[in-house]
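Participant: For the first sequence, the UniProt record's numbering gives the first residue as 1, with consecutive numbering after it.
Source of the hints: derived by calculation from the structure; they are not laboratory data.
As the structure is a computational prediction, the values presented were derived from the model and not from experiment.
Hints are not guaranteed to be accurate.
Cross-link-like lysine-lysine pairs, in silico, DSS-like; alpha carbons within 27 Å at most [stated by the list, open to error]:
no.	residue 1	residue 2
1	Lys-127	Lys-40
2	Lys-463	Lys-442
3	Lys-420	Lys-463
4	Lys-463	Lys-435
Simulated DEER-style distance windows between Cβ atoms [claimed, not checked]:
no.	residue 1	residue 2	range
5	Leu-467	Asn-446	18 to 28 Å
6	Glu-61	Ser-169	11 to 21 Å
7	Asn-112	Thr-161	10 to 20 Å
8	Lys-435	Arg-157	37 to 47 Å
9	Lys-127	Pro-449	49 to 59 Å
10	Thr-423	Thr-161	49 to 59 Å
Think of the CB as a built atom: it goes at the ideal place given N, C-alpha and C, for glycine as much as any other residue.
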Amino acid sequence: MEVIDKWVAEFFIRRQQNPRVSPTNLLSAMKFGDSPDCIKLKISSVLRDISNSLIKGTLDEGTLDLLEILEKLMLQQHSVLTESHKSAYCWTAVECTVRFMWPLSASDGFFNDALKRIWTKRIWILKESGSGLVTYDLLKWEADLEVSLEDPELYQRIRETNVRYTAISFLNQLLKEQWELLGSSALELVAQRTFLKRNAQNVDNRGDPNPVDESMRRLKSDNIKEGGTSQEEEGNENNRGNASDVEGVGCLESDNIKERGTSEEEEGNENNRENANDVEGVGCLESDGFDKVDAADEEETIGGPEPSLDKGDKTAARELKELLLEIQGHIEPPTRQEEQEPNNGIDHSVDVTPQPAMSNRTRTGGQDRNETPDNANEIEKGSNSQGTWSGRVRPRLPTPVPLNVSPLKKENSNVRRPKKFWTPEEVEALREGVKEYGKSWKDIKNANPAVFAERTEVDLKDKWRNLVR
DNA sequence: CTAGGGGTAATC
DNA sequence: GATTACCCCTAG
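Kindly generate the complete structure, drawing on both the sequences and the hints.
Facilitator: Take a look at the structure:
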């Protein structure tokens with residue numbers, strides 16, 4: 001069952017924004033060992049934690065902890081520390097210190113405490129341990145921050161630097177690189193293998209003399225093509241990667257699937273799919289991967305180097321499939337798309353193409369609130385103008401409930417406020433306000449919130465209009 | 001956000 | 001009927 005544990009853990013960790021699961025808590029609860037698989041899982045959890053903290057906008061000393069843990073895990077699997085990792089650590093450390101520079105002077109706040117806590121203690125320990133995170137840049141920052149304690153000009157300069165942006169950029173870069181290095185998840189690999197096996201069998205049935213080779217050749221050639229575009233679109237890919245991996249990727253039906261182990265040099269390329277195995281991805285695996293596991297179960301062997309699942313893996317895969325379906329049922333409420341209609345291959349993507357001008361639309365003397373709402377209007381027109389929209393489904397949001405214009409207008413907008421005469425205090429405050437602020441009704445009201453508590457800016461304007469008449 | 005036109009209902 | 005307070009709308 002340990003394989004199930006790992007796969008389920010991986011499923012949760014790779015899935016973004018699951019508020020009920022903290023990756024590190026999950027791992028500590030499951031007590032994994034130090035096998036290479038487990039280290040990968042731990043790295044995934046650290047990456048997910050960093051990603052979550054970026055999403056939440058929390059960039060603090062906890063992030064430094066995570067980066068230090070990540071370094072240790074990288075050492076355990078004998079990986080080289082990347083430049084992005086070093087830079088991310090350096091700039092996050094600076095950000096954690098600079099955030100305490102809010103007072104104008106270094107001596108007025110917690111800056112000194114932060115300096116001691118982060119640089120004198122934490123980074124000293126790193127230096128002692130010979131950590132690769134201690135870089136020239138880090139030491140340079142350390143010196144500058146020390147000097148800024150005594151040098152108000154430098155303090156001001158650092159205070160005004162946008163360190164946070166740089167830190168976030170490096171953290172994002174680190175996440176992207178590390179997710180790519182981690183490559184496909186176990187779930188996806190199983191699906192890839194079974195898909196390849198199925199493909200090979202299909203070719204075999206057609207009487208091809210060398211089915212596996214042919215299948216591999218086709219996949220490889222497709223891959224080369226895909227690889228090219230992937231490289232070109234790296235920026236986009238990057239954006240989608242960690243930031244939106246819940247979206248998943250296209251189903252494994254696409255031919256961008258490789259055989260792991262047939263060519264090691266393609267490793268990096270393979271990783272383009274990185275977080276492809278999130279929820280939607282699992283959905284695809286379900287139909288394209290696991291369903292085939294049962295079939296593969298019966299037809300045992302394919303000749304050659306084709307990797308196949310052993311009995312244990314197959315049982316595990318079957319159990320996992322059921323488990324995932326159950327978990328998914330609990331976690332994911334059915335999406336609107338699922339509710340509306342089965343996927344029939346129609347592109348439901350949001351159409352952002354500018355819509356043709358609504359030539360029939362006319363304004364009717366400004367009484368829009370009595371008109372049919374915009375949406376309904378367009379739906380109605382849609383029956384006549386479908387052709388011009390190429391039959392695409394245009395997303396429609398519900399017509400928003402109009403806000404009360406006046407903050408003094410209470411619940412029922414049809415009921416007028418009771419008439420309230422202006423008191424001499426109010427009139428006086430208005431006169432004073434106009435003297436001071438001119439006809440800036442908002443400023444006048446804000447300057448006398450108590451006096452004008454029951455007046456709007458428009459009331460002030462109207463009253464002034466009456467006064468000067 | 002403000003200015004100004006104008007409608008409605010209460011009050012004088 | 002005039003005034004006042006409130007409201008709505010449009011234009012800039």
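Participant: Take the hints in turn and mark each one as holding or not.
Facilitator: We went through each hint and held it up to the structure:
1. Lys-127 with Lys-40: Measuring from Cα to Cα gives roughly 26 Å; hence the hint holds.
2. Lys-463 with Lys-442: holds, 14 Å
3. Lys-420 with Lys-463: holds, 12 Å
4. Lys-463 with Lys-435: Within the cut-off at roughly 15 Å; holds.
5. Leu-467 with Asn-446: 18 to 28 Å: Holds, since Leu-467 and Asn-446 (Cβ atoms, about 20 Å apart) stay within the stated range.
6. Glu-61 with Ser-169: 11 to 21 Å: holds, 19 Å
7. Asn-112 with Thr-161: 10 to 20 Å: holds, 19 Å
8. Lys-435 with Arg-157: 37 to 47 Å: holds, 43 Å
9. Lys-127 with Pro-449: 49 to 59 Å: holds, 55 Å
10. Thr-423 with Thr-161: 49 to 59 Å: holds, 53 Å
Violation of the numbered hints given earlier is absent; every hint is satisfied by the structure.
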